[in-house]
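Peer 1: Single-letter residue listing:
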Amino acid sequence: GAVVSQHPSRVICKSGTSVKIECRSLDFQATTMFWYRQFPKQSLMLMATSNEGSKATYEQGVEKDKFLINHASLTLSTLTVTSAHPEDSSFYICSARLPRNNEQFFGPGTRLTVL
Amino acid sequence: DQQVKQNSPSLSVQEGRISILNCDYTNSMFDYFLWYKKYPAEGPTFLISISSIKDKNEDGRFTVFLNKSAKHLSLHIVPSQPGDSAVYFCAATPLVAIYNQGGKLIFGQGTELSVKP
Chain P
1 GAVVSQHPSR
11 VICKSGTSVK
21 IECRSLDFQA
31 TTMFWYRQFP
41 KQSLMLMATS
51 NEGSKATYEQ
61 GVEKDKFLIN
71 HASLTLSTLT
81 VTSAHPEDSS
91 FYICSARLPR
101 NNEQFFGPGT
111 RLTVL
Chain B
1 DQQVKQNSPS
11 LSVQEGRISI
21 LNCDYTNSMF
31 DYFLWYKKYP
41 AEGPTFLISI
51 SSIKDKNEDG
61 RFTVFLNKSA
71 KHLSLHIVPS
81 QPGDSAVYFC
91 AATPLVAIYN
101 QGGKLIFGQG
111 TELSVKP
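For the protein sequence lines, the chains are P and B, in the order given.
Just so you know, our numbering puts the end of the first sequence at 115, numbered straight through with nothing missing.
Just so you know, our numbering puts the end of the second sequence at 117, numbered straight through with nothing missing.
Hints listed in this document are in silico derivations from the structure and should not be mistaken for laboratory results.
Result set (PhoX-like, lysine-lysine): computed pairs, CA atoms no more than 20 Å apart in a straight line: (1) B:K5 with B:K37; (2) B:K38 with P:K41; (3) B:K71 with B:K56; (4) P:K41 with B:K5; (5) B:K37 with P:K41.
From the structure, some residues in chain P lie toward chain B, with a derived Cβ separation under 10 Å: (6) Y36; (7) Q38; (8) R111.
Don't be surprised by glycine CBs; every beta carbon is placed ideally from N, CA and C.
Let's have the full structure, built from the sequences with the hints guiding it.
Peer 2: Okay, here's the thing in C-alpha cells:
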C-alpha cells in the first residue's frame with residue numbers, strides 16, 4: 001500500500017521560534033498533498049492543499065504567512081510554523097493523494113508543543 | 001459551521017456485538033463519503049467509502065449505509081472485536097472534487113469506539 005511519513009513525530013519548541021514539519025510519500029509520487037490540524041477531541045481541519053510546483057491553497061482563516069507550505073518535489077511537502085505561539089500547539093497531519101485513484105493516504109502526524 | 005457531524009463522541013460495545021457509528025451532513029453537494037479509523041498519535045487509515053449512487057457498501061465486517069434524503073450515514077461493524085477500538089471519523093466531499101486538484105475532505109469530530117472483551 002501507499003505509505004506516507006512525517007518528520008518529526010513530536011517537537012517541543014519555545015515561543016517565537018519556527019518549526020518545519022516534513023511530509024513524504026515513500027512509494028509513490030504525489031502532485032497533491034494536504035495539511036490538516038487536529039485539536040483534542042475535535043475533527044481534522046484542513047489547513048491547506050499543497051500542489052507540487054505551485055503555491056499552496058489555504059483554507060479560510062488559515063494565515064499563509066504563518067503556515068508556510070513548500071511542495072518542492074513529487075514526494076515531499078513541508079509545513080513551517082513561523083513564530084510559533086502556544087496556541088499553535090496541536091497535532092498536524094498530512095496526507096498525500098495517490099494519482100491513480102485519488103485516494104488520500106495519511107501520515108502518522110506530528111505533535112507540536114509550543115512552550 | 002460543522003458540515004459533517006458525529007454527535008456521539010464515544011461508544012462502548014461488547015465484543016461480538018454490533019457497533020453502529022453515525023454521521024450526519026448538511027451540504028447537499030457532498031456525494032462521496034468515507035470512513036477512517038484512527039489510533040492515538042497516528043494518522044487516519046481508510047476503512048470504507050460510499051458514493052451517493054449507492055445506499056449500501058459492504059467490506060467484510062464493515063458496512064456503510066447512506067440515507068441521502070436524511071443526509072445521514074452509518075458504519076456498522078459486526079462482529080465487533082477489541083482491535084476495533086479506535087476513533088472513527090466520517091468524511092465527505094463532492095465526488096467531482098476527488099478528481100480535481102482540490103479533493104479536500106471535510107471530517108466529522110470523530111467517535112471513540114471501545115470494544116470490551
